[in-house]
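Novice: Using the sequences provided together with the hints, build the complete structure.
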Amino acid sequence: MSEVSMVVNGRKVSGAVEDRTLLVHYLREHLGLTGTHVGCDTSQCGACVVHMDGKAVKSCSILAAQASGSEIVTIEGLANGADLHPVQAAFKEHHGLQCGFCTPGMIMAATDMIRRHPEGLDEATVRAELEGNICRCTGYHNIVKAVLAASKTMAKAGKGKARKAA
Amino acid sequence: MYQTTYHRAASVSDAVKHLKKSDDAKLVSGGMTLIPAMKTRLAAPADLVDLRHIPEMRGIAVSGKTVTIGAATTHAEVATDARIAKACPALSHLASHIGDPHVRHMGTIGGSIANNDPAADYPAAMLALDAIIVTNKRETPAGKFFKGLFETALKEDEIITAVTFTVPAKSGYEKFPNPASRYAMTGVFVAKGKDGVRAAVTGAGEDGVFRSGEIEAALSKKFEPAALEGVSVPSDDLMTDIHASAEYRANLVVVMAKRAVVRANA
Numbered sequence: 001m002s003e004v005s006m007v008v009n010g011r012k013v014s015g016a017v018e019d020r021t022l023l024v025h026y027l028r029e030h031l032g033l034t035g036t037h038v039g040c041d042t043s044q045c046g047a048c049v050v051h052m053d054g055k056a057v058k059s060c061s062i063l064a065a066q067a068s069g070s071e072i073v074t075i076e077g078l079a080n081g082a083d084l085h086p087v088q089a090a091f092k093e094h095h096g097l098q099c100g101f102c103t104p105g106m107i108m109a110a111t112d113m114i115r116r117h118p119e120g121l122d123e124a125t126v127r128a129e130l131e132g133n134i135c136r137c138t139g140y141h142n143i144v145k146a147v148l149a150a151s152k153t154m155a156k157a158g159k160g161k162a163r164k165a166a
Numbered sequence: 001m002y003q004t005t006y007h008r009a010a011s012v013s014d015a016v017k018h019l020k021k022s023d024d025a026k027l028v029s030g031g032m033t034l035i036p037a038m039k040t041r042l043a044a045p046a047d048l049v050d051l052r053h054i055p056e057m058r059g060i061a062v063s064g065k066t067v068t069i070g071a072a073t074t075h076a077e078v079a080t081d082a083r084i085a086k087a088c089p090a091l092s093h094l095a096s097h098i099g100d101p102h103v104r105h106m107g108t109i110g111g112s113i114a115n116n117d118p119a120a121d122y123p124a125a126m127l128a129l130d131a132i133i134v135t136n137k138r139e140t141p142a143g144k145f146f147k148g149l150f151e152t153a154l155k156e157d158e159i160i161t162a163v164t165f166t167v168p169a170k171s172g173y174e175k176f177p178n179p180a181s182r183y184a185m186t187g188v189f190v191a192k193g194k195d196g197v198r199a200a201v202t203g204a205g206e207d208g209v210f211r212s213g214e215i216e217a218a219l220s221k222k223f224e225p226a227a228l229e230g231v232s233v234p235s236d237d238l239m240t241d242i243h244a245s246a247e248y249r250a251n252l253v254v255v256m257a258k259r260a261v262v263r264a265n266a
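Here the protein sequences come in this chain order: A and B. So for the first sequence, this note's numbering puts the first residue at 1; every next one is plus one. So for the second sequence, this note's numbering puts the first residue at 1; every next one is plus one.
Don't take every hint at face value.
[Unchecked claim] In silico lysine to aspartate or glutamate, DMTMM-like type, Cα no more than 25 Å apart, as pairs:
no.: 1; chain 1: B; residue 1: K20; chain 2: A; residue 2: D19
no.: 2; chain 1: B; residue 1: K137; chain 2: B; residue 2: E206
no.: 3; chain 1: B; residue 1: K20; chain 2: B; residue 2: E151
no.: 4; chain 1: B; residue 1: K86; chain 2: A; residue 2: E119
[Stated by the list, open to error] Pulled a few chain B residues facing chain A out of the computed Cβ check, cut under 7 Å:
no.: 5; residue: Q3
no.: 6; residue: T5
no.: 7; residue: I35
no.: 8; residue: P36
no.: 9; residue: P101
no.: 10; residue: H102
no.: 11; residue: M106
no.: 12; residue: I132
no.: 13; residue: N136
no.: 14; residue: F223
no.: 15; residue: E224
No lab work stands behind these hints: they were computed from the structure. We put the beta carbon where it would ideally sit given N, CA and C, even for glycine.
Specialist: Listed below in structure tokens is the structure:
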């Protein structure tokens, strides 16, 4: 057993887990955060994507012990109370989901993608960057639309903030 | 996954201590190969020694014509580093095409090289760049480091700490990714340095990464894609699997080499 402690969605958590416990199982079964999904369990599908220290990672391929000491954000940590995160709002607006199983991973991947491309995104980049996330319903078209729309919304909001700061 | 005991190493010497204490320990860095292998019980180490938090193994340094990359540096860090992009854009390109963005945030150059998967990208770069693999014990040229499928010159208790290479005049990498796994079905890294042209092939050889004498001879005459017209590579020691025959891969070696040269000359 290992003592692990980390900050999950802004809340300090700790506990004893078997060393072989995967981060996704720690989140789902120990913390009850079942928004993070296990899809393929073979590191291909990206349904389990969370942010670790600000970067998108596959929580099904990381041990909770490896993640100890880090800061984790899951799909539950994105919205600000009742206000959806711009990426969540865009997925809703553009119907970027059908069954919704891949959606948490898609949204966590998209927020990371937008962070890494402050210069903006184009369709080809979004499609290439979604390499690690599989959707078996929609054919990606509306997912790509949603990510592009969210990227634009967030760029505008970012500029607004920068002006205020100046 | 079978039971395992996790140890977080604070330094290279601390990692060695953990290795020596266990009969059956494995090093984990990003874990993007090892953890999935443990989940399917293909690997079942009694102890895991985590190298990801060792400061001395992280980071990139470019000093004059020498590039040094710490073994625990992630693919994403290599792919986005401005100094690497300037010194060796082929390596940035290669790193930005390993796996997917989430895998690149965890996977490390040292892990890729130590694992020596026959379809991994980094071994081809190391061999073509004539890189030196630095461990806690010695420095080994890439040509003597990669020994075969998943086999390297690494001894017990030996840990890759960094890789270092001289900036080539020109270099390029192109791979033909498997449409499902995105591993290279064949990838070729070409580098033109002061000692001539080196071309290393991954994803194709039965014994893992290798240098292609045919490609090197042709490109030594003229470092242009046209120099590879009519060149053929023997298929004798190439892989045949459900994805491609040895003959198909032999053809891919020449095609990927041409594309790599186009990229190198761009």
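Novice: For each hint, tell me whether it holds in the structure or not.
Specialist: Now for the hints, and whether the structure bears them out:
The hinted pair formed by B:K20 and A:D19 meets the criterion: a straight-line CA distance of about 20 Å does not exceed 25 Å. A distance of roughly 29 Å separates the Cα atoms of B:K137 and B:E206; the hinted pair therefore is violated under the 25 Å criterion. Between B:K20 and B:E151 the alpha-carbon distance is near 21 Å, which keeps this suggested pair within the 25 Å criterion. Among the hinted pairs, B:K86 with A:E119 is consistent with the structure: their alpha-carbon atoms are about 20 Å apart, no more than 25 Å.
Hint on B:Q3 holds. Least Cβ distance to chain A is approximately 6 Å, under the 7 Å limit. The criterion of a C-beta within 7 Å of any C-beta in chain A is met by B:T5, whose closest approach is roughly 5 Å, and the hint holds. Given the 7 Å rule on beta carbons, the hint for B:I35 holds: about 5 Å separates it from the nearest Cβ of chain A. With 7 Å as the threshold, the beta carbon of B:P36 comes within range of chain A, its nearest partner Cβ sitting at about 5 Å, so the hint holds.
At its closest, the beta carbon of B:P101 sits 6 Å from a beta carbon of chain A; the interface hint therefore holds under the 7 Å criterion. Contact between B:H102 and chain A, as hinted, is supported at the beta carbon level, the nearest pair being about 5 Å apart and thus within 7 Å. Hint status for B:M106 relative to chain A: holds, with the closest Cβ pair at about 6 Å, below 7 Å. Because the beta carbon of B:I132 sits about 29 Å from the nearest beta carbon in chain A, more than 7 Å, this interface hint is broken.
Hint on B:N136 is violated. Least Cβ distance to chain A is approximately 22 Å, over the 7 Å limit. The restraint placing B:F223 at the interface with chain A is violated, with a minimum CB-CB distance near 29 Å, outside the 7 Å limit. Annotation: interface hint on B:E224 violated; nearest CB of chain A at approximately 29 Å, more than 7 Å.
Comparing the model with each numbered hint stated earlier shows that hints 2, 12, 13, 14 and 15 do not hold.
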